[in-house]
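Since chain A is already given, all that's left is putting chain B on it; use the hints.
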Amino acid sequence: MTTTGPTRTLVIEREMPHPQEKIWRALTEGKLMEEWLMKNDFQPVVGHRFQFRATPAPNWSGVIDCEVLVVDPISRLSYGWGTLGLESVVAWTLTPTAGGTHVRMEHSGFPSEEGANYKGAKYGWTNFISKMDRVVGGLE
Amino acid sequence: MQALTNDVFRALADPTRRAIFERLARDGEQTVHALTDRSGVSQPAVSKHLTVLKRAKLVMHRREGRETHYAAQPQALEPLVDWMSVYGAFWRDRFDRLENLLNRMDK
Numbered sequence: 033m034t035t036t037g038p039t040r041t042l043v044i045e046r047e048m049p050h051p052q053e054k055i056w057r058a059l060t061e062g063k064l065m066e067e068w069l070m071k072n073d074f075q076p077v078v079g080h081r082f083q084f085r086a087t088p089a090p091n092w093s094g095v096i097d098c099e100v101l102v103v104d105p106i107s108r109l110s111y112g113w114g115t116l117g118l119e120s121v122v123a124w125t126l127t128p129t130a131g132g133t134h135v136r137m138e139h140s141g142f143p144s145e146e147g148a149n150y151k152g153a154k155y156g157w158t159n160f161i162s163k164m165d166r167v168v169g170g171l172e
Numbered sequence: 004m005q006a007l008t009n010d011v012f013r014a015l016a017d018p019t020r021r022a023i024f025e026r027l028a029r030d031g032e033q034t035v036h037a038l039t040d041r042s043g044v045s046q047p048a049v050s051k052h053l054t055v056l057k058r059a060k061l062v063m064h065r066r067e068g069r070e071t072h073y074a075a076q077p078q079a080l081e082p083l084v085d086w087m088s089v090y091g092a093f094w095r096d097r098f099d100r101l102e103n104l105l106n107r108m109d110k
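Taken in sequence, the protein lines are chains A and B.
For our numbering, count along the first sequence from 1 and bump the result up by 32.
For our numbering, count along the second sequence from 1 and bump the result up by 3.
No lab work stands behind these hints, which were simulated from the structure alone.
Ideal placement from N, C-alpha and C gives every residue a C-beta, glycine not left out.
Output of the computed footprint for chain B on chain A, the stretches with three or more beta carbons under 8 Å from beta carbons of chain B:
1) 43 to 49
2) 65 to 79
3) 135 to 142
Just chain A, same shape as in the assembly (with noise of 0.2 Å):
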């Protein structure tokens, strides 16, 4: 990882009605990952890896750069994430509940504001321009 300084994570966590083992293969299985996060040759098997690819936009490829960091079936999935020269780590764990399985998803290694990674916004600025576009016209 590139990042220096301090960094922060995103935690997203939520109760699905689902069996941890159906869970499990929708984030593991190229063909069902592609249905609901994007297109990829992922494989679950540590070192692997592979790529996500989304629509490109002006400036970004649309590439993501990844690699499987842990398997570990079916409660403990992540990989590396890297586009936009961001370096990050995408982690993923199942715990079985009455109801189903708790979703917990962090993704960490984004620059705090003091972090010294510009790279992001060189890349991303085009963009991030043309959505700021909207901010600033309900600024005035």
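Chain B alone, transformed into the frame defined by chain A:
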């Protein structure tokens, strides 16, 4: 920091200024003359726009002889890129799609 962020927003709210900034970011350092030739506005107008961009720290300049060269400083946008909110919206949407898929897998 907040004041600078507002400067950046204001500086880029204007389409001509945004075009100048985009050109500098894309094509690299340029003189006021070169920028004027391609912008469709007068040189004093370009200079005025550059002053606003400079105040927001979106461009920097250096003098060489009688010419002033301007270069983009895209890192000035960094305070505005909030990865947490970008990815927060992304993953919430993907969680919805995942649940949707799981419901369909039931059949």
